[in-house]
Amino acid sequence: MSDLSHNYFVSVAEIAAKLDQATHIAQQLSLTASNARAVALRAGERAAGFRPLTDFIDRLAEITIKSSRNINKLAAALSQTSADKERADSAISHFNVVFVKAKDSAYIHSLDEVFSRCQRKQQQLNQSYKRQIFRLSDELAMLSSELRNAVILATLSRVEASQAGVQYQDALINVADNVEGAASKIKDHIHYSQQMVSILEEY
Amino acid sequence: MKTHKLFESNSHTWLMFGRDDEKPNEIIDTNQYIVISNKNALLMDPGGIELFSAMLSAVIKQLPAEKITHLFASHQDPDIISSLGLWDQALPSATLHSPWIWESFIKHFGMNHISYAAIPDEGSSLKIDQVTLDFIPAHYLHSSGNFNVYDSDAKILMSGDIGAALESVDAPLFVEDFDEHICKMKMFHQRWMPSNEAKNDWVNRVRKLDVEMMCPQHGRIFKGDNVKRFLDWFEALEVGVIAKSTTEA
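Chains as they are written, first to last, in the numbering used here: chain E, 118 to 320; chain W, 5 to 253.
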């Protein structure tokens, strides 16, 4: 068993932290969209082709923020379930030791009901854990697919930037770089989280 | 873990659990006590997480789990009550009696089912079946919110950390030679107990009680004249001091 699966509840907390970072980067992307709009406005007719792209950047930022927040919430809920699951698992293993150590005790069956309740709780948590992992995995895949558009958007932005004249070209290319950079960073976080989630799915 | 009967009458029994030779070396050995009455039981300072399985195994040999309707935690330390999250699953209907000031702290150990009965600073009493147990204030000895349990019928005082000694798991249950025992408890009391005023107030109150056995949470039990010897020694001891070698620099 790898260290990761051994400390699954720690891994889930790490995923939540990674995705929290992704939300912050998405917020920077939103700033980039506002900046792009201002530059395109100043550039006037020469950046006419760039202006519609700012709407797309804005939309991408909006989707990314919304999705990141949603994923972050799912990861936080999963983190709580994992901690509860760890506690339930620990209780079961402690009770198992008692069943061995006190097997001849006249009162050992007084623990049966308690043990069954703990097992039921453990099963419920296992089901919640699997359901939450599945939803998290799904949401990560959706955001990852949205972010593919960022590359296209960055390429189009560069093409349009080259039409905007020397005065605004650098600023608009910078916008394109920011979009690509932010998307790439978020994708790294998502990729990392997806890898972690795929290991956790097996747990 | 060993079980030792300290007292038995028609109404109730006192048992001590401890000297756990299977416990990990790094954790301090602890004494746990239980009062079993006709239909109920009070388990005192049930111990840390590491002890839970051994403790429950020992308890279940003596009584059915559901008979433990009350728990007591003299204070908030991990060796006293960090097993709470597991007892919470084993005894969901039980009530935990503990100092009011520690309620929101102790709940960090995990308490979703057990009820918390906050003991006021001046102390209180618990009646289980025909037995009355008094929660005697022992604040600052060592914790700032701290109680002992006194049973006037059995003449037993469960004194928590007062009278505690750091010893090996094969130490005898009772103090045999008091003077020899001093070296095992002197540093513990001086370092862990912060207030001479609180200590002397406790000594004066406990002198008025009829105590045949004083049962600390670590080390050996004081019996008969050794209880009085302990009170005299403790009264004369200056506490709240740290070894000079560590403060002189």
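In short, the hints are calculated from the structure, not lab data. Mixed in with the good hints there might be a few duds.
Said to hold, decoys possible - Only pairs whose alpha carbons sit at most 25 Å apart, straight line, appear in this in silico DMTMM-like list of lysine to aspartate or glutamate: (1) W:190 to W:83; (2) W:65 to E:221; (3) W:27 to E:206; (4) W:232 to W:214; (5) W:9 to E:137; (6) E:238 to E:203; (7) E:218 to W:26; (8) E:220 to W:25; (9) W:43 to E:203; (10) W:212 to W:201; (11) W:27 to E:255; (12) E:218 to W:25; (13) W:111 to E:206; (14) W:71 to E:255; (15) E:220 to W:54; (16) E:238 to W:70; (17) E:135 to E:255; (18) E:220 to W:214; (19) W:111 to E:201; (20) W:131 to W:171; (21) E:218 to W:30; (22) E:218 to W:214.
Hints, verified against the model:
1. For the hint linking residue 190 (chain W) to residue 83 (chain W), the alpha-carbon distance of about 20 Å falls within 25 Å, and the restraint holds.
2. Between residue 65 (chain W) and residue 221 (chain E) the alpha-carbon distance is near 8 Å, which keeps this suggested pair within the 25 Å criterion.
3. The hinted pair formed by residue 27 (chain W) and residue 206 (chain E) meets the criterion: a straight-line CA distance of about 21 Å does not exceed 25 Å.
4. A distance of roughly 10 Å separates the Cα atoms of residue 232 (chain W) and residue 214 (chain W); the hinted pair therefore holds under the 25 Å criterion.
5. For the suggested pair residue 9 (chain W) and residue 137 (chain E), the alpha carbons sit about 56 Å apart, so the restraint of at most 25 Å is broken.
6. Restraint check for residue 238 (chain E) and residue 203 (chain E): the C-alpha separation of about 12 Å stays at or below 25 Å, so the hint holds.
7. Of the supplied pair hints, the one linking residue 218 (chain E) and residue 26 (chain W) holds, its CA atoms being roughly 12 Å apart against a limit of 25 Å.
8. For the proposed pair residue 220 (chain E) and residue 25 (chain W), the alpha carbon gap of about 19 Å is at most 25 Å, so the pair holds.
9. Note on residue 43 (chain W) and residue 203 (chain E): the hinted pairing is violated, with a Cα-Cα distance of about 34 Å set against a maximum of 25 Å.
10. Between residue 212 (chain W) and residue 201 (chain W) the CA atoms are separated by roughly 17 Å; this keeps the pair inside 25 Å, and the hint holds.
11. At roughly 46 Å between alpha-carbon atoms, residue 27 (chain W) and residue 255 (chain E) are farther apart than 25 Å, so this suggested pair is violated.
12. A distance of roughly 14 Å separates the Cα atoms of residue 218 (chain E) and residue 25 (chain W); the hinted pair therefore holds under the 25 Å criterion.
13. For the hint pairing residue 111 (chain W) with residue 206 (chain E), the CA-to-CA distance comes to about 20 Å; that is within 25 Å, so the pair holds.
14. A C-alpha spacing of about 48 Å is found between residue 71 (chain W) and residue 255 (chain E), which places the hinted pair above 25 Å, so the restraint is violated.
15. Restraint check for residue 220 (chain E) and residue 54 (chain W): the C-alpha separation of about 20 Å stays at or below 25 Å, so the hint holds.
16. At most 25 Å may separate the alpha-carbon atoms for a hinted pair to count; residue 238 (chain E) and residue 70 (chain W) meet this at roughly 19 Å.
17. Of the supplied pair hints, the one linking residue 135 (chain E) and residue 255 (chain E) holds, its CA atoms being roughly 17 Å apart against a limit of 25 Å.
18. With a CA separation close to 40 Å, the supplied pair residue 220 (chain E) and residue 214 (chain W) exceeds the 25 Å bound.
19. For a cut-off of 25 Å, the pair hint linking residue 111 (chain W) to residue 201 (chain E) stands: about 15 Å separates their Cα positions.
20. The suggested pairing of residue 131 (chain W) with residue 171 (chain W) is violated, with an alpha-carbon distance near 34 Å, which exceeds 25 Å.
21. Only pairs whose Cα atoms come within 25 Å are accepted, and residue 218 (chain E) paired with residue 30 (chain W) is accepted, the gap being roughly 22 Å.
22. Proposed proximity of residue 218 (chain E) and residue 214 (chain W) is contradicted: the alpha carbons are some 38 Å apart, above 25 Å.
The structure does not agree with the numbered hints 5, 9, 11, 14, 18, 20 and 22 stated previously, though it agrees with the rest.
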